[in-house]
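Model the placement of chain B with the ligands on the given structure of chain A, informed by the hints.
Protein chains in written order, with my numbering: chain A, 2 to 563; chain B, 669 to 853.
Hints are computed from structural coordinates only; laboratory data are not their basis. Note that beta-carbon positions come from the ideal geometry of N, C-alpha and C, so glycine has one too.
Covered by chain B, per the in silico footprint, the following chain A stretches (three or more residues, Cβ under 8 angstroms):
#, region
1, 172-182
2, 213-222
3, 232-238
If you want the footprint, here are the derived chain B segments under chain A, 3+ residues with CB under 8 angstroms:
#, region
4, 675-686
5, 691-699
6, 778-785
7, 788-800
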Amino acid sequence: MNQRVPAVSAAPAAAPALSWWRLFTSTDHKSIGLTYMGVAAVFLVLGGLEALVMRLQLAVPNNHLLVGEAYNRFLTMHGTTMIFFVLLPLLLGFTNYLLPLQIGARDMAFPRLNAFSLWLLVGGGLLLYLSPFTGSPSQGWFSYAPLSETAFTPQRGVDLWSVALIVSGYGTTLTAVNILVTGARLRAQGMLYRRLPMFAWMAWVNGFIILFALPCLTAVLMMLEVDRLLGAGLFTRGDPVLWQHYFWLFGHPEIYLLILPAWGIISEIIPVFSRKPIFGYEFVAWSSVAIAFLSFAVYAHHMFAVGLGWPVDLAFGTTSMLIAIPTGIKVFNWLATMWKGSVRYTLPMLYAAAFIVQFTFGGVSGVTFAVVPIDWQLTDTYYVVAHFHYVLFGGSLFAVLAGLHYYYPKFTGRFLDERLGRWGFWLNVIGFNGVFLVQHLLGLMGMPRRVYTYPALSGWEALNLFSTVSGFVLGVGLLVLLVNLWRSRTHGAVAGPDPWNGWTLEWLSSSPPRRENFVALPPLHSRRPLWDLKHPDDMDHVRPPRHDRQGRPIRDEEREHR
Amino acid sequence: MPNDRASRTHLGMLAFLASDTVIFLLLVVSNVYLRRTEDHGGQTLLDPAHMLIFSVLLWGSSAVLVLAERQRERRDPRGAGALYLVTALLGAAFAVAQGLEWSHLMARGGTVSASLFFATFYTTTGLHGLHVLLGLPMLVGLSVLSFRGLIGRRAPGVAAAALYWHFVDAVWLALYLVFYVWRGP
Ligand code: HEM
Ligand SMILES: [Cu+2]
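Looking at chain A on its own, in the form it has when it is part of the complex (with noise of 0.2 angstroms):
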């Protein structure tokens, strides 16, 4: 091994048969990846949907199509299913997927395991979307006490919603141990953790983030349910707030858990079309592990407003402000990647700065409410709505749709079609900055949010008309989107195993991956295996330093474009 590169075939791919039993049974990790991301793309469609109701009810004042209780049911399923069925397997599935490929391994450490959590997740949004049959949950996805107790929402489907995320979230913890087990043992010779893919490393250290923080919402919810079934009371004659610290120690990092992986994905993508290694490696990587420590330490910082006290909130609101430190640095190392890189604009490269723009926007909002006095201001406005979709939308599913762009030749051996993807790029950028920017507006304005309607208030009216109807144009973004990846699949243009002209292993296998991922690995020296093997008298292991004394610009060989 590690010797002889094989000469993989750039053959067009055979179009993927669907096999529905292959998908069901499989064990594969490519597979497995996939169908998250396929389960996702249904869930995003239901929680689009809810969303798209909810922005028409609110399109003009006073409206009566989704009045009190029903606009809540769909508050509540909407903000569930897009967190945990929609990001999270997207973000899985590209972990899945992407993460022994680039380490160099067969398969994840434990494969039957892995389709064990798959089906776990799965089980989870079906049940989640059985709950309208027994009272849909209307408590919102944050199910604060003691409106989540049976005395304010006494329907089963909260019941429902609970079982749904036990189940599902044992499915997640699962597979943070797959990941886990799998970055630790299964690294090929000579990928050293200072060497891995930084999607890897960062998809690594979210194994980190998930094992210790799902246990928290499941042991929350198990107190729900004791409290709810059994009527032991211990949010309502014990402490409501004791819900609000267990849920937001998970809730918290349950954010970072949703964005590091993303990171990971812009990581790869933007030096790739910078032409350039990545800068400053060893930040980006230890920056993580920095955050995901950072992340369990400012859980109360969505608790300004509860009065715990201003040691507690001026402590949380410090270490708020820390996380942004980490955050921030790694914002300008993808921007130093790509100054004096040759950068080239294609869709995956799109994706990725609009990524930076609206993360970096939704970053500098959330620091914003790290300073108490303006949280409490901001608190339960439509501020905190477009700040978290901001970060969620315009951050986590921007970076799964850069991912997606960049990785489809190697998900299908096919090019996703370029005219239908800017088409989709376009929309989805005017109509997600025209969804949520104006939102800042509204909730400077006092527009509160979880509220089914508002007063016809000068200025009000015309924010949150253009609001819906940007929604929509984001809808028809999205569904172009999916028209292409579906069409795609069979009339895409071949891509051949390496389209990108990439650095990492995961280019090195044929498009698809055959199932066993690699004939066999090339000798690993660098951070950019590919780059040794292809320019083998100027290996990155034994090359000057980038600069020379002068400071002239990168070499010239860095500029090469296929």
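Just chain B with the ligands, lined up with the frame of chain A:
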């Protein structure tokens, strides 16, 4: 890497148990914390001395399991199989004792909704009991496999299962101390 499969399964179990620990930790903390918000006289219903007898059965099962593992490494499948079975029986005895304890408590008014102390008591010990119940078929399975000579000297899955059982016993030690022995803040 000859050692890889062993360490892989072991590591996986370790990771899972780390995650599990968080659940138990939060449940125990909720007990400790909620004791402050309400008079928890209910704790006097618990009899530490009585429960100690059954706890010793559970802890003893861990010791027996260590012996079983030793027999397995010495290539004595029948001896190991017998000891796995004893481990399971001790565990089962504990589970039955806990069931009796629960019904005894409820009969005397210590129900889930009686007090916050009992609510968290049942949640936590219930989750622990569930862990015991999941461990039992595992141990019986080990015993059967061992008797049939299907377990080798190096058996990563078996070692991971043993780790799980030791973990369950260790958790019980913590729970026993917090619920039965410690009288609260
Ligand atoms: C990845 C995509 C998305 C994620 C992760 C997401 C997540 C969430 C979450 C967690 C909530 C809070 C729910 C609650 O308070 O229980 C929410 C609310 C909401 N979302 Fe989204 N969402 C996404 C996309 C969208 C889109 C595309 C739209 C509009 C077209 C949208 C419109 C809304 C609306 C109107 C609310 C209700 C706000 C309120 O009344 O407080 N969301 N979303
Ligand atoms: Cu937070």
